[in-house]
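Novice: Based on these hints, arrange chain B on the given structure of chain A.
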Amino acid sequence: MYPVKLADFEGPLDLLIHLIEKDKIDIYDIPIVSVTEQYIAYLDTMQEYSLDVASEFLLMAAMLLQIKSRMLLPREPEEEGEEEADPRQMLVSMLVEYRKTKKQAQALRECLQRASLQTARPPLPLGKILQQVKRYGLGDLLRALAALLPKPEEEDTVIPRQEFPVQERMEAIRSALGGKRKKMDFRRLLQDRKNHSEIISTFLAVLELLRLKEITIRQTVPFGPITLESRKEDGHGTEEDR
Amino acid sequence: MELKKTAELEALLFASGDPLTLERAAGTLYCSTGEVADLLEELQQQYRTAERGIELRKAAGGWQLVTKKETAGLIRRLQEKQEVKLSNAAMETLAIVAFRQPVTKSEMEAIRGVKVDGVLGNLVELGLIAEVGRKEALGRPILYGTTDRFLQTFGLDSLEDLPQLPEEILEGRGEGPEPLFD
Numbered sequence: 016m017y018p019v020k021l022a023d024f025e026g027p028l029d030l031l032i033h034l035i036e037k038d039k040i041d042i043y044d045i046p047i048v049s050v051t052e053q054y055i056a057y058l059d060t061m062q063e064y065s066l067d068v069a070s071e072f073l074l075m076a077a078m079l080l081q082i083k084s085r086m087l088l089p090r091e092p093e094e095e096g097e098e099e100a101d102p103r104q105m106l107v108s109m110l111v112e113y114r115k116t117k118k119q120a121q122a123l124r125e126c127l128q129r130a131s132l133q134t135a136r137p138p139l140p141l142g143k144i145l146q147q148v149k150r151y152g153l154g155d156l157l158r159a160l161a162a163l164l165p166k167p168e169e170e171d172t173v174i175p176r177q178e179f180p181v182q183e184r185m186e187a188i189r190s191a192l193g194g195k196r197k198k199m200d201f202r203r204l205l206q207d208r209k210n211h212s213e214i215i216s217t218f219l220a221v222l223e224l225l226r227l228k229e230i231t232i233r234q235t236v237p238f239g240p241i242t243l244e245s246r247k248e249d250g251h252g253t254e255e256d257r
Numbered sequence: 069m070e071l072k073k074t075a076e077l078e079a080l081l082f083a084s085g086d087p088l089t090l091e092r093a094a095g096t097l098y099c100s101t102g103e104v105a106d107l108l109e110e111l112q113q114q115y116r117t118a119e120r121g122i123e124l125r126k127a128a129g130g131w132q133l134v135t136k137k138e139t140a141g142l143i144r145r146l147q148e149k150q151e152v153k154l155s156n157a158a159m160e161t162l163a164i165v166a167f168r169q170p171v172t173k174s175e176m177e178a179i180r181g182v183k184v185d186g187v188l189g190n191l192v193e194l195g196l197i198a199e200v201g202r203k204e205a206l207g208r209p210i211l212y213g214t215t216d217r218f219l220q221t222f223g224l225d226s227l228e229d230l231p232q233l234p235e236e237i238l239e240g241r242g243e244g245p246e247p248l249f250d
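So the protein sequences, as listed, match chains A and B. Numbering (the numbering used here) for the first sequence: 16 to 257. Numbering (the numbering used here) for the second sequence: 69 to 250.
Because the hints were derived from the structure by calculation, they are not lab data. A few of these clues could be false.
What the hints assert, rightly or not - Calculated cross-link-like contacts (lysine-lysine; reagent style DSS-like; alpha-carbon spacing at most 30 Å): (1) A/K166 - A/K39; (2) B/K183 - A/K117; (3) A/K118 - B/K173; (4) B/K183 - A/K39; (5) A/K117 - A/K83.
Note that the structure is predicted; figures quoted are calculated from it, not measured.
Chain A extracted, bound-state conformation (with noise of 0.2 Å):
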């Protein structure tokens, strides 16, 4: 048994790399069959501690043997001359390009460690925001707020009984002018309203009898009372008169 330490081995190259570097062998020349045979132990130990064999960690395992069985078979003389090719050539190359990787990405991470000394700061989120600001309005923001509102149930609109017919209030202020006092005034008028809708068609009654001519309104001084006055009774009167 060859003393392998369990060692994290990034796969099957890394293994190799490991076990050729720790005996200071060639890479160009291998001795298979002891390299094999620490391969293959490596494995072992890692069934032992029953620790899942990735397959990659097999096929390399069959890639050796295949090797190390093609080096003991005696090389048949070629005719032409020709080198034979080694049979270690493609694991050879498989060995130096894993190797170079491993040593690149060390001078990766030294890259790395030097770079992570400094810190550089993210870019400043303001712009992104304002840019934001600008492309939506406050419609849009309402548009958005009535979507989340609930929406009102859609209802007949209901237009209030007009209570106070400007037809009635003519008839009382007709009525009040007839009676032994044709003058009246006009705040007296609208005291006794109850809301606006009453003081509203109590006026537009008031108006409506000056088109008519049946009243004149007078006010002596800007801002004193305002007296409304029959014109009929005061025809009457002028009659009566006569």
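Specialist: Just chain B now, with coordinates in the frame of chain A:
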């Protein structure tokens, strides 16, 4: 208060965070790239004193403000989160992409001798590598390359700044035969 041009450039660099190119800075400051280069030199000079904790760094084709190396320990104390540490598997895969880009997933797997799906996904997620196209080969596999973020993270100005290792280190002993293929 009328600010000096160096102060304006400093503000731009602060706001940018990411490396700012000479062209971009010149376009913003309404001056020539030559002037920006002079201003950068002036600013760098000002940062060189022991009174300043930041300095300019050239990265990914532009300039950015970074904290000085001497403050590394201090900054680490400030940061609560540990930075993502790249595993050896990730570094090896990244090295393949960086030095041989553009490269496909199966090419990475051939070199490393293992599957790379997991680390590849991580590297893409970290924004260090990205898809750069498709290889005109069977199945049109995705080609990967490094990003600007990679350059910035590794403090490199361009891919030409990648650490070049001497051939004898990369290939092994000098006495050995030539590599059988590249």
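Novice: Please go over all the hints and tell whether each is borne out by the structure.
Specialist: Each hint tested on the structure:
no., hint, in the structure
1, A/K166 - A/K39, "81 Å, violated"
2, B/K183 - A/K117, "16 Å, holds"
3, A/K118 - B/K173, "20 Å, holds"
4, B/K183 - A/K39, "28 Å, holds"
5, A/K117 - A/K83, "26 Å, holds"
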